[in-house]
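**Q** Each chain is listed here by its residues.
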Amino acid sequence: MNFTLFKATTKANWIILAIFFVIMVLYLAIITSMFDPVSLDNLNAMLETLPKELVAAMGFEDLGTTLTSFLAGYYYGFLIIMFPMIYCIIVGNRLVAKHVDSGSMAFLLSTPNTRLTIVTTQALYLIASVTALLGLITLSGIALSESMFPGELDIGSFLLLNLYALLTFYAISGICFFFSCLFNDTKYSVAFGAGVPIAFFVLNLLANVGDKYDWLGYLSLFTLMNPDKILAGDPFITIAATILIITAVLTYGGGILIFNRKNLPI
Amino acid sequence: MIEVKDLTMTYKNGKGIFDLSFSVKKGEVFGYLGPNGSGKTTTIRQLLGFTNADKGRCTINGLDCRTQTKEIQKILGYLPGEIAFFSDMTGMQFLNFMNAMRWCKDKTRTNSLIERFELETGGRIRKMSKGMKQKLGLITAFMHDPEVYILDEPTAGLDPLMQRYFVDLALEEKARGKTILMSSHSFGEIDRTCDRAGIIREGRLVDVEDIHSLKASQRKAFLVTVASEEDVKLLQSSGLELGGINGSHVEIFVSSNYDRFLKALAKCKVLEMDIPSQSLEQVFMKYYGQGGQ
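If you read the sequences in order, they're chains A and B. Counting from 451, one number per residue, gives the positions in the first sequence under this note's numbering. Counting from 44, one number per residue, gives the positions in the second sequence under this note's numbering.
Just so you know, these hints were derived from the structure itself, not from any lab. Incorrect hints may appear among the rest.
Unchecked claim - Covered stretches of chain A (chain B as the covering partner; in silico rule of three or more C-beta atoms under 8 Å from a C-beta of chain B):
#1 455 to 469
#2 555 to 561
As the list claims (entries may be wrong) - In silico lysine-lysine, DSS-like type, Cα no more than 25 Å apart, as pairs:
#3 B:K176 with A:K548
#4 A:K637 with B:K55
#5 A:K637 with B:K58
#6 A:K461 with B:K148
#7 A:K712 with B:K55
#8 B:K69 with B:K117
#9 A:K712 with B:K48
#10 B:K170 with A:K457
#11 A:K457 with B:K176
#12 B:K48 with B:K117
#13 A:K712 with B:K58
#14 A:K457 with B:K148
#15 A:K662 with A:K679
#16 B:K117 with B:K68
#17 A:K457 with B:K150
#18 A:K548 with B:K170
#19 A:K461 with B:K170
#20 A:K548 with B:K113
#21 B:K176 with A:K461
#22 B:K217 with B:K68
#23 B:K150 with A:K461
#24 A:K712 with B:K98
#25 B:K117 with B:K217
#26 A:K548 with B:K55
#27 B:K113 with A:K712
#28 B:K98 with B:K113
#29 B:K117 with A:K457
#30 A:K712 with B:K117
#31 B:K98 with B:K48
#32 B:K113 with A:K457
#33 A:K548 with A:K461
#34 B:K68 with B:K113
#35 B:K173 with A:K548
Computed from a predicted model, the values in this text were never measured in an experiment. Backbone N, C-alpha and C define an ideal beta-carbon position, used for all residues, glycine too.
Construct the entire structure; sequences and hints are all you get.
**A** Right, here's the structure in full:
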């Protein structure tokens with residue numbers, strides 16, 4: 451870890467983090483404000499007018515009756531997957547592959563720092579920024595709920611929900627980082643770094659649609675981020691957490707090892 | 044100071060470098076000459092530890108170039124052949140960043156180099172001209188006062204005045220006992236600074252010679268336009284080495300026989316004489332042989 455590089459990386463990328471945070475908080479605020487225990491039936495009635503498959507794909511099927519389950523269904527089923535995923539794709543590519551492709555990596559490596567230090571610093575930035583993004587969303591979620599509906603949010607369950615979102619994105623950002631380390635061309639880094647998470651995303655949408663496509667869920671990491679099961683305390687979630695952590699360790703570790711050994715065309 | 048031994052690295056397309064061996068002594072300026080695509084940059088990447096060798100090894104100051112990069116970089120100044128910076132930074136921000144990455148606190152040398160090369164440090168690097176970027180790269184390579192320099196085509200993109208400033212700087216560093224390896228595809232560029240030069244062709248080191256014997260073997264081509272057929276015949280029988288003859292235009296190669304060349308020309312009516320710019324292969328025909336285009 452090199453602090454100077456970490457600072458420079460932060461300076462070059464914080465604006466992306468800020469943009470995603472603002473968008474995500476806006477959605478969170480709108481969705482929280484839509485919660486109304488009395489008129490929840492109305493909302494459910496409205497959703498019934500939409501095609502059932504569409505509602506299911508977005509994970510809006512069961513909105514529950516509490517603020518926590520409402521947010522879990524409405525925000526943590528779909529939006530919390532999509533936005534951080536795009537963030538990981540963009541930033542993951544910028545941290546390593548872009549420096550190699552453009553050649554600016556040559557300057558980083560012509561300083562008395564090992565490749566390992568450089569690439570580990572970039573990995574730490576991605577981990578830290580994903581943590582910051584989801585951490586800030588968690589705090590905003592609590593603040594928004596408490597200001598609009600004091601005492602309604604089950605903070606313990608809400609934190610658990612966010613912890614799983616964080617683990618999911620340690621794994622997803624790991625995948626983006628791995629491809630960023632593996633490829634020397636941003637072209638391929640983006641193709642795979644975006645392709646794999648988007649494939650997971652689409653598979654997850656299809657699996658939600660109905661029993662017929664249920665099995666597709668086994669092919670997607672996002673299936674592990676299941677708000678209903680997390681809130682219900684299903685034993686499945688321990689396995690899910692384990693798989694997510696292992697994926698994160700393997701992808702980050704693998705990316706770092708590959709980068710440390712490979713030939714760089716710079 | 045720099046040792047390259049049996050270094051081999053083959054790319055997928057069959058190009059690369061093969062069994063390279065040479066060494067650069069401390070305090071020496073070594074020119075690394077070769078046409079584009081001959082393996083100059085490939086060798087430099089090996090010296091910087093960016094790529095893994097198939098065979099052989101290279102060391103700088105006794106340190107292995109692939110595994111001990113951190114120690115090497117403390118005493119090395121490197122100028123990449125293709126310069127790409129952090130384009131959102133300004134020139135000054137980049138220099139400060141590189142100094143911080145090197146834990147180098149003393150800015151006096153950086154500032155004097157900025158003045159010397161008249162670098163405009165305020166603007167974003169993205170907006171800089173090629174020459175300005177090259178200057179920034181040179182300052183980055185020189186500012187931490189390293190022991191060894193590896194410079195990949197250092198004067199590319201510089202105007203003649205800045206090229207002279209660079210030559211002065213290189214000579215100063217040499218006088219201070221620094222070791223320099225610089226690659227180039229033009230002989231003129233290293234002519235004034237180097238003690239010895241290695242000539243590389245298609246990934247193989249053809250020869251390593253001191254610069255004076257290289258100068259002696261350097262061939263110049265003169266394109267002479269004469270007045271009549273008889274003059275052409277006269278030149279043909281003069282024993283000079285002739286290239287293509289096109290009407291009254293005669294190409295004559297001269298390496299050390301200037302006297303004979305002038306005497307032969309004195310007998311003809313010369314209408315025009317030109318020295319066309321030449322590729323490295325033409326200049327060093329001796330090394331490149333007839334195989335080089």
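**Q** Now tell me if each hint is right for this structure.
**A** Checked hints:
Three residues within the 8 Å Cβ limit are the bar, and the segment 455 to 469 of chain A against chain B gives 3, so the coverage statement holds. A stretch counts as covered by a chain when three or more of its residues have a beta carbon under 8 Å from one of that chain; for the segment 555 to 561 of chain A and chain B the count is 6, and the coverage holds. Our distance criterion of 25 Å between C-alpha atoms is met by K176 of chain B and K548 of chain A, whose separation comes to about 19 Å. For the hint linking K637 of chain A to K55 of chain B, the alpha-carbon distance of about 20 Å falls within 25 Å, and the restraint holds.
Of the pairs offered as hints, the one joining K637 of chain A and K58 of chain B holds, with about 24 Å between alpha carbons and a cut-off of 25 Å not exceeded. The hinted pair formed by K461 of chain A and K148 of chain B meets the criterion: a straight-line CA distance of about 21 Å does not exceed 25 Å. A threshold of 25 Å between alpha carbons decides the hint, and for K712 of chain A with K55 of chain B the separation of about 15 Å falls inside it, so the pair holds. Note on K69 of chain B and K117 of chain B: the hinted pairing holds, with a Cα-Cα distance of about 16 Å set against a maximum of 25 Å.
Distance restraint check for K712 of chain A and K48 of chain B: the Cα-Cα separation of roughly 21 Å lies within the 25 Å cut-off, and the hinted pair is therefore satisfied. For the suggested pair K170 of chain B and K457 of chain A, the alpha carbons sit about 23 Å apart, so the restraint of at most 25 Å is met. Simply put, K457 of chain A and K176 of chain B have alpha-carbon atoms about 23 Å apart, close enough for the 25 Å limit, and the pair holds. Of the supplied pair hints, the one linking K48 of chain B and K117 of chain B holds, its CA atoms being roughly 23 Å apart against a limit of 25 Å.
Between K712 of chain A and K58 of chain B the CA atoms are separated by roughly 18 Å; this keeps the pair inside 25 Å, and the hint holds. Proposed proximity of K457 of chain A and K148 of chain B is supported: the alpha carbons are some 17 Å apart, at most 25 Å. A C-alpha spacing of about 20 Å is found between K662 of chain A and K679 of chain A, which places the hinted pair at or below 25 Å, so the restraint holds. Between K117 of chain B and K68 of chain B the CA atoms are separated by roughly 19 Å; this keeps the pair inside 25 Å, and the hint holds.
In summary, the hint linking K457 of chain A to K150 of chain B is supported, as the alpha carbons are separated by about 20 Å, within the 25 Å threshold. The straight-line distance between the Cα atoms of K548 of chain A and K170 of chain B is roughly 19 Å, inside the 25 Å bound, and the hint therefore holds. Between K461 of chain A and K170 of chain B the alpha-carbon distance is near 19 Å, which keeps this suggested pair within the 25 Å criterion. Proximity of K548 of chain A to K113 of chain B is assessed by CA-CA distance (about 22 Å); at most 25 Å being required, the pair is judged to hold.
A hinted pair counts as satisfied when its Cα atoms are at most 25 Å apart, and K176 of chain B with K461 of chain A qualifies at roughly 22 Å. Restraint check for K217 of chain B and K68 of chain B: the C-alpha separation of about 12 Å stays at or below 25 Å, so the hint holds. In summary, the hint linking K150 of chain B to K461 of chain A is supported, as the alpha carbons are separated by about 23 Å, within the 25 Å threshold. Between the alpha carbons of K712 of chain A and K98 of chain B the distance comes to roughly 16 Å, so the proposed pair stays at or under 25 Å and holds.
At most 25 Å may separate the alpha-carbon atoms for a hinted pair to count; K117 of chain B and K217 of chain B meet this at roughly 19 Å. Between the alpha carbons of K548 of chain A and K55 of chain B the distance comes to roughly 23 Å, so the proposed pair stays at or under 25 Å and holds. Using a Cα cut-off of 25 Å, the hinted pair K113 of chain B and K712 of chain A holds, with the two alpha carbons roughly 17 Å apart. Under the criterion of a C-alpha separation no larger than 25 Å, the hint pairing K98 of chain B with K113 of chain B is consistent with the structure, at around 22 Å.
Among the hinted pairs, K117 of chain B with K457 of chain A is consistent with the structure: their alpha-carbon atoms are about 22 Å apart, no more than 25 Å. The hinted pair formed by K712 of chain A and K117 of chain B meets the criterion: a straight-line CA distance of about 22 Å does not exceed 25 Å. The straight-line distance between the Cα atoms of K98 of chain B and K48 of chain B is roughly 9 Å, inside the 25 Å bound, and the hint therefore holds. With a CA separation close to 20 Å, the supplied pair K113 of chain B and K457 of chain A stays within the 25 Å bound.
Between K548 of chain A and K461 of chain A the alpha-carbon distance is near 16 Å, which keeps this suggested pair within the 25 Å criterion. Between K68 of chain B and K113 of chain B the alpha-carbon distance is near 22 Å, which keeps this suggested pair within the 25 Å criterion. Straight-line distance between C-alpha atoms of K173 of chain B and K548 of chain A comes to about 20 Å, which keeps the hinted pair within the 25 Å bound.
Hint violations for this structure: none, all hints satisfied.
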